[in-house]
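In the numbering used here, the protein residues as written are 10 to 163.
Just so you know, nobody snuck in bad clues.
In silico lysine to aspartate or glutamate, EDC-like type, Cα no more than 16 Å apart, as pairs:
{"hint": "1", "residue 1": "Lys-106", "residue 2": "Glu-74"}
{"hint": "2", "residue 1": "Lys-139", "residue 2": "Asp-105"}
{"hint": "3", "residue 1": "Lys-103", "residue 2": "Asp-141"}
{"hint": "4", "residue 1": "Lys-103", "residue 2": "Glu-74"}
{"hint": "5", "residue 1": "Lys-69", "residue 2": "Glu-130"}
{"hint": "6", "residue 1": "Lys-67", "residue 2": "Glu-130"}
{"hint": "7", "residue 1": "Lys-103", "residue 2": "Glu-140"}
{"hint": "8", "residue 1": "Lys-40", "residue 2": "Asp-105"}
{"hint": "9", "residue 1": "Lys-67", "residue 2": "Asp-121"}
{"hint": "10", "residue 1": "Lys-69", "residue 2": "Asp-105"}
{"hint": "11", "residue 1": "Lys-106", "residue 2": "Asp-72"}
{"hint": "12", "residue 1": "Lys-67", "residue 2": "Glu-86"}
{"hint": "13", "residue 1": "Lys-132", "residue 2": "Asp-105"}
{"hint": "14", "residue 1": "Lys-69", "residue 2": "Asp-126"}
{"hint": "15", "residue 1": "Lys-103", "residue 2": "Asp-72"}
{"hint": "16", "residue 1": "Lys-67", "residue 2": "Glu-124"}
{"hint": "17", "residue 1": "Lys-69", "residue 2": "Glu-124"}
{"hint": "18", "residue 1": "Lys-67", "residue 2": "Asp-126"}
{"hint": "19", "residue 1": "Lys-139", "residue 2": "Asp-98"}
Derived by calculation from the structure, the hints in this document are not laboratory data.
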Amino acid sequence: MKRIGTLFFDPFKNHKMLYDFDDHNLFITPKIAYFPAAIGGASRHMMVNGSSHRIAVKIKCSDNELFRVSPVYTLLEPGNAQRLQIVRDPGPAKVDKIVVIYKTTCASSARDAFECDLGAERKVIALIAKEDVTMSIAPTTNLKSILRQSVQKS
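Produce the entire structure from the sequences given, and follow the hints as far as they go.
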């Protein structure tokens, strides 16, 4: 097989395959969070276990005075997902990071799995606080609110 950029060409099969170099044991999306520095805000992220083993996850932050995260520790079974909530208080405009530390485990508690950091891998979520970030409110999906709006327009 011959590598051509991120494409591989297999002369025996006579077709090209796309290859992704990213680690698929733990998917995290989105990988960047933007906050208005003056008022703070919140960001939600999704962590998905793409492996065939239980994964223990530990969350660390570069500035615990400005940020709160939930959960700090969690266990993800194969194929399961967990929402990660990041809340930023008002403060100076700057760039910070969340480090998601994860490893396969058979422990019954995520905290116990990290008594020893051997075999742990890391992913980073960038936290960008700027003065010119505008927040938009997502449209509501609450049925009562939608019906109330349609009645008011009539």
